[in-house]
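Sequences listed follow chains A and B, in order.
Per the numbering used here: the first sequence = residues 1 to 183.
Per the numbering used here: the second sequence = residues 184 to 685.
To be clear, the hints were calculated from the coordinates, so they are not data collected in a lab.
Watch out, some of these pointers could steer you wrong.
Unchecked claim - Here are the simulated DSSO-like cross-link-like pairs (lysine-lysine), alpha carbons at most 30 Å apart as the crow flies:
no., chain 1, residue 1, chain 2, residue 2
1, A, K162, B, K272
2, B, K662, A, K8
3, B, K592, B, K370
4, B, K648, B, K662
5, A, K180, B, K648
6, B, K385, B, K559
Single-letter residue listing:
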Amino acid sequence: MKEQVIAKRYARALFALGQDQGAGAQKQYGEELARFAEALEAAPLLDRVFRNPVIKIEDKKSVISKVAERLGLSRMVINFCLFLADKGRLEHFLSIQAYYNKLMDEQEGVLRGSLVTAIELSSEKQDSVRSGLEKQLNKNLVLDFETDQAILGGLLLRIGDKLYDASIKAQLEQVKENIKRGE
Amino acid sequence: MQIKAEEISQIIQDQIANYEQKMEMTETGTVLSVGDGIARVYGVENCQAMELLEFPGQVYGLALNLEEDSVGCALLGEDTHINEGDTVKRTGRVFSVPVGEAVTGRVIDPVGNPLDGQGPVTLEESRLVDIKAPGIVERQPVDEPMYTGLKSIDSMTPIGRGQRELIIGDRQVGKTAIGLDAILAQKESDVHCFYVAVGQKKSTVAGVADTLRRHGAMEHTTIISATASEPAALQYIAPFAGCAMAEHLRDNGKPALVIYDDLSKQAVAYRQMSLLLRRPPGREAYPGDIFYLHSRLLERAAKFSDEHGGGSLTALPIIETQAGDISAYIPTNVISITDGQVYLEPDLFNAGFRPAVNVGLSVSRVGGSAQTKAMKKVAGTLRLDLAQYRELAAFAQFGSDLDKSTQAKLERGKRMMELLKQDQYEPMPVQDQVAVLFAGSRGYMDDISEDSVRKFEKEYLDFMKNSKPEILDEINQKKDMDQELESKLGSAVEEFKKGFQE
C-alpha cells in the first residue's frame, strides 16, 4: 500500500517533468528507466546494494553514476536516480518504473493484454486478430500470445482487469450451470 | 415425477443446440488473502460499494472496503475452498433481494435462497437492500394503531403504524414471544409481517416457523433467517434485507410490520466483520458507525401520508441485555433511536407475571395518538394507578395499619396486575381488551377474589361474545366510549356477575 503511494508520487513527478521538456523526452525517460531496471534485474547484486541500509548514500550514489555512465543515461534520469538515493527510496525503483510505464501507456492510448488460445496461432493470424481488436477498441494494443490446452478451444482475452472469455471451456461450464439450475 | 434417461439427454442436446454463443465480458480481480470470512481482492477496479463479487464455486462476497489497491469483501458463504490467486468476477449487481408476492409465506435467507424446501423464490421484482430512508415530505405523524393483541402493551405502551418500538430485556423473558404475538394478532388485519432472525439457533427459528404455521399466520408472514452458523456478513445484512422486503409493501401503500430479532447479535456480527476488515474499534470494540448502522435501519420505518399512498412500516427491534444492564452501549443507542421501549423484566417473568412488561420503564413516545378513544378512556389512568399500586405495595410490606382508601387502591392494583397477565399465542382483539379493562378499571372486579380474576376474565369474554356480541361490535366500530355505550357495557358486566361463581 505504502509502496504504491511512493511509486506513484515519484513516477508522476518525473512524468510531469518530461511533459514540460517536450514530447520526445517522456518516451526517452521511459526507455532509460527500463534500461536501468533491466540492469537491476540482470545484476541482483546491484539491487542488494541499493536495498542495503548499511551502505552509505554517498557510495550508492557513486555506484549509480558509474552504472548510468555505462548505460548512457541522460542527465535528467541520472539526477532522478541520485535524488531517489538521497531520499532513501532506491528500493522502490522497480515499482516506480512500472508505474511510469503505465502512465506512458495511458497517455499514448496503448492497452496491454494477453490472448490465450488452445493452439498456437500463426503470425498472420496473430496480426489479423490484433488489428481486428485494435479497430474495435480504437486503441493500440500490445498483446502477449499464450497457449493453454486447458481452455479446449476459442479464445480468452485479458486486458487489464477485463476478461473476454470466449473459450469452449467457459461455454461448457455455462451449459453445465444452466442444466444444474434447470433452466 | 420420473424422468427417463432419454429425456435428460434430450434436454442436454437441446441446451447445446440452442446455445447462443455469447462472449462473456467480465471484470476480474485476484484474491490476495482470504480468511475468517474476509477476502482481500486485487483488481476489480470499477467495483462499487456493496457490490456482489463472484468467487469460485458460486460463493459471493460483499464489497465493503474500497481501497487504493485492493477491495475488502465479506464472504456470504464458505471460504474453505477459496485460495490465494483465485479469480474473482464482478457481477455489477449491488446487493438486492427479491420482494413482493414471491417472498410471502416463505422462509428464506438474506440473499433470497429458500430455506423451507418449497422451491426457488422467483426473482420477479428485486430491491436494493441498503437505501436511504424516505424524506420528510412523504411522511405523516403516526395516527393509526398497530395492535399487538397484548393487553399490557396495547393499553399502556400503544404502538402505531410506522412506529419503532424497542423490545428490550434479558435472555429468556419472552422478547420473541411479544414479537410472535404481534404477528399472530395481524391475522385479522391487512398487515404483512416480516420476522428477521439474526444469530439465533436454527432450532429456535424452526420453532418460530412451526408456531406461525400452526396458528395459520404464515400466510401473511415472511421469515428471513441468518442463524448463528451463517457468516457474519449474512447476519449483518439480514435486517436490511427484511427491511427492503417490507419497504416494498410500504411504498405500495400497504402496511407492514418487521421484527428484528435481535439487533444486539447483528451488532456483534458487524463488529466481527469490521474488526477483520481492520476498521478501527471504538467503545466495546464496536466500530465507529455502529450507531449509524442501527439508526439508518430504523429510520426506514415510516408512515406515509395519503398523497404518497398511505403505506406504513412498523419496526419492532429486539435487544437483549446482559443482567438487566440497559445502560450498555448498544441498548442505549437503540433506545435513543426508537420511539419508545417495552422493557421486560426477569423478576416479573419468574413471578408469573407474563408478558413480563415493566410498566414503569416502558414508554411509547408517539403511540398515544394512535390509540382509539375507547381504549384511552378505559386505560387512561391505568399506568398511574399501577405506579401508585407498586409504591403502596412496597410500603404495605411493613405491615402497618392501612386506611380504607389505601386498602382499596391495593386491592384494585392487585386485580389489575392479574388482569394484565396473558397467555402466549393468544392475542386479543381490541374490543375484547376494552371490555376486559373496562370491567377492571371501573371496579367491577373489586369483589372478586384475586385468584379468580383470570377465570372471571375468560368467562366474561365468553359471555360477551355469546350473549352481547352487539356491544363488542359497537366498540369496534365506534372506536369510542360514549355515555350510552358505557352504561350498556356496565349493565352487561353486572348481568354477567350475577351468574358468575368463583
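Status of the hints after comparison with the structure:
{"no.": "1", "hint": "K162/A to K272/B", "result": "holds, 9 Å"}
{"no.": "2", "hint": "K662/B to K8/A", "result": "violated, 72 Å"}
{"no.": "3", "hint": "K592/B to K370/B", "result": "violated, 37 Å"}
{"no.": "4", "hint": "K648/B to K662/B", "result": "holds, 18 Å"}
{"no.": "5", "hint": "K180/A to K648/B", "result": "violated, 56 Å"}
{"no.": "6", "hint": "K385/B to K559/B", "result": "violated, 41 Å"}
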